[in-house]
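Chain B: place on chain A using the hints.
There are 2 protein chains.
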Amino acid sequence: MTRAELIQQIKIKKSFLCVGLDTDITKIPEHLLAEEDPIYTFNKAIIDATSDLCVAYKPNIAFYESYGIKGWQSLQKTWEALPKDCLSIADAKRGDIGNTSKMYAQAFFDEKQSGLGFDSITIAPYMGNDSVTPFLDFDGKWAIVLALTSNAGSLDFQNFKNESGLQLFEQVIDKVNTWGTIENLMYVVGATRGEGFIKIREHAPDHFLLVPGVGAQGGSLQDVCQYGMNKDCGLLVNSTRGIIYASKGHDFAEKAREEALKLQQEMEAELIKAGIIR
Amino acid sequence: MTRAELIQQIKIKKSFLCVGLDTDITKIPEHLLAEEDPIYTFNKAIIDATSDLCVAYKPNIAFYESYGIKGWQSLQKTWEALPKDCLSIADAKRGDIGNTSKMYAQAFFDEKQSGLGFDSITIAPYMGNDSVTPFLDFDGKWAIVLALTSNAGSLDFQNFKNESGLQLFEQVIDKVNTWGTIENLMYVVGATRGEGFIKIREHAPDHFLLVPGVGAQGGSLQDVCQYGMNKDCGLLVNSTRGIIYASKGHDFAEKAREEALKLQQEMEAELIKAGIIR
Chain A
1 MTRAELIQQI KIKKSFLCVG LDTDITKIPE HLLAEEDPIY TFNKAIIDAT SDLCVAYKPN
61 IAFYESYGIK GWQSLQKTWE ALPKDCLSIA DAKRGDIGNT SKMYAQAFFD EKQSGLGFDS
121 ITIAPYMGND SVTPFLDFDG KWAIVLALTS NAGSLDFQNF KNESGLQLFE QVIDKVNTWG
181 TIENLMYVVG ATRGEGFIKI REHAPDHFLL VPGVGAQGGS LQDVCQYGMN KDCGLLVNST
241 RGIIYASKGH DFAEKAREEA LKLQQEMEAE LIKAGIIR
Chain B
1 MTRAELIQQI KIKKSFLCVG LDTDITKIPE HLLAEEDPIY TFNKAIIDAT SDLCVAYKPN
61 IAFYESYGIK GWQSLQKTWE ALPKDCLSIA DAKRGDIGNT SKMYAQAFFD EKQSGLGFDS
121 ITIAPYMGND SVTPFLDFDG KWAIVLALTS NAGSLDFQNF KNESGLQLFE QVIDKVNTWG
181 TIENLMYVVG ATRGEGFIKI REHAPDHFLL VPGVGAQGGS LQDVCQYGMN KDCGLLVNST
241 RGIIYASKGH DFAEKAREEA LKLQQEMEAE LIKAGIIR
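Going line by line, the protein sequences match chains A and B. Numbered by our numbering, the letters in the first sequence go through residues 1 to 278 in order. Numbered by our numbering, the letters in the second sequence go through residues 1 to 278 in order.
The reader is advised that the hints may include incorrect statements.
One copy or two, either will do: identical chains are not told apart, so a pair holds if it fits within one copy or between any two.
Only pairs whose alpha carbons sit at most 25 angstroms apart, straight line, appear in this in silico DSS-like list of lysine-lysine [claimed, not checked]:
hint	residue 1	residue 2
1	27	112
2	102	27
3	161	175
4	77	112
5	102	248
6	102	112
7	112	70
8	77	248
9	14	112
10	44	255
11	44	273
12	262	231
13	262	11
14	248	141
Derived from the structure by calculation, the hints contain no laboratory data.
Chain A on its own, in the form it takes in the complex (with noise of 0.2 angstroms):
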């Protein structure tokens, strides 16, 4: 999915929203326990629930890799689950040396070989260019690349200061911004603080941001909105378990699309604000 086609999805669905499938077997509904595949089951009716109301999915890899081979299964069929006018994102935090990183962005881009045709992936940057720019080389593919987590842990290395006083994640930025370009390259950002989104969009104006955190993590979109948001809108912000466990009942599809409604209107007024659409 290119640039244009996400923002013109943006424009369509009124909605930046994207909805996390970090599929969980001891939180699903236990009528599900009795399918074949209820990971699988459960996401094709959160799937078919939600399609119209964001632009992007993001099945967490850590939640199917955990069951081995039977949940690698299970994210093949939910890959193919995906509908084509939503961004597939691969959410797998992978990065190695360039070799090990081709691999990677085979296993997760390159259908023919793996059975897997992602839009993107996130990355971890650790490692530096060549584990990042093997991600970059595949046509119309999608790296995004952790810059400023939302989690506890993120204050541990990510706000490290040189003696400038520019801090690990905006050397990540700033640096990452020369290896690809805002049609190839997104950053994820966390929510849980808001103004973090100005230092990120002096870094960063143009590309587009992979928002996680809002929600469960505490953050909120109106201040996502108000530091984050740019001209072509420039945010993907994650949802997970507000909608995909918003009911343990048989009911469990029709309230994640309730929630999924919320977050859309609130997303279609902030888009309606910032001029973006009427």
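The following block gives chain B in isolation, referenced to the frame of chain A:
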């Protein structure tokens, strides 16, 4: 495998060799391509030919994941073929927020859930405390955290210096040290700059270090030992291409053994020189 058991194996085998299983289907002998699972067949032959000469095996997870479900099946069989007297290392470079890192830990440590029960896993530290500590919660398992890697891009961020002159990789070691012990934490330190080990040993005098980059990547075993060895050896030196791709013919396993034997003999000499064995 505990620290004491690992040190014992090093003394018994007179070796601190780790064999990397970065098995690339385009580089293995052509006659194996007729096998049902060429990657596993190759790995099994390499393991059988080298297991008395090394103390660890390190499958590089990307090389399996790049073939999707089929690759994961090769990984599963490979893990089952690893001998119990060798430390098994999932070279996965994982790391995410706490609940997700826990899932990754289950993927590689929790045999009952995932089918895989590796002894250790490599971890990317960018996301900080909660991305690392879930891997430390498993008895008898190890987190091997990236500190100073051997690739070209390692200088992009790992050398980022604060106002006191402390570099990021030093900050990583200092912080991560406080989260675990020498019984469940190791660091990845590339071999390409031997003197780099002096600084590493200032911050982590007693930890085991996993050292890639000897051989194909240009590092010298002598330099690594001179600057990096401690009284318990404290090193696991990885070699991949020099061993597993020593021949593309029917003799690939014999040639792999010959190369592993050369390294084992050099290592034996270093262990004697250091007074660790006689």
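Each hint tested on the structure:
Within a single copy, residue 27 and residue 112 get their C-alpha atoms only as close as 33 angstroms, which misses the 25 angstroms cut-off; across copies the closest is 19 angstroms, which meets it. In this assembly of identical chains, the alpha carbons of residue 102 and residue 27 lie at most 25 angstroms apart only when taken from different copies (15 angstroms versus 34 angstroms within one copy). Taking the closest pair of Cα atoms, residue 161 and residue 175 come within 25 angstroms of each other both inside a single copy (15 angstroms) and across two copies (15 angstroms). For a Cα distance limit of 25 angstroms, the shortest separation of residue 77 from residue 112 qualifies both inside one copy, at 15 angstroms, and across copies, at 23 angstroms.
In this assembly of identical chains, the alpha carbons of residue 102 and residue 248 lie at most 25 angstroms apart only when taken from different copies (23 angstroms versus 40 angstroms within one copy). In the homo-oligomer, the alpha carbons of residue 102 and residue 112 lie at most 25 angstroms apart inside one protomer (15 angstroms), although the nearest pairing across protomers, at 31 angstroms, exceeds that limit. Both within a single protomer and between protomers do residue 112 and residue 70 lie at most 25 angstroms apart by alpha-carbon distance, with minima of 20 angstroms and 13 angstroms respectively. In this homomeric assembly, residue 77 and residue 248 come within 25 angstroms of each other (Cα to Cα) only inside a single copy, at 22 angstroms, whereas the closest approach across copies is 37 angstroms.
In the homo-oligomer, the alpha carbons of residue 14 and residue 112 never lie at most 25 angstroms apart, since the shortest distance is 33 angstroms inside one protomer and 45 angstroms across protomers. Only within a single protomer do residue 44 and residue 255 lie at most 25 angstroms apart by alpha-carbon distance; the minimum there is 15 angstroms, versus 50 angstroms between protomers. For the homomeric pair residue 44 and residue 273, neither the shortest alpha-carbon distance inside one copy (33 angstroms) nor that between copies (62 angstroms) is at most 25 angstroms. Taking CA atoms no more than 25 angstroms apart as the test, residue 262 paired with residue 231 passes inside one copy only; the shortest distance there is 23 angstroms, against 62 angstroms between copies.
In this assembly of identical chains, residue 262 and residue 11 lie within 25 angstroms of each other by CA distance solely inside one copy; the values are 17 angstroms within and 63 angstroms between copies. Within a single copy, residue 248 and residue 141 get their C-alpha atoms no closer than 35 angstroms, and across copies no closer than 34 angstroms, so neither meets the 25 angstroms cut-off.
Of the numbered hints stated above, those contradicted by the structure are hints 9, 11 and 14, listed in ascending order.
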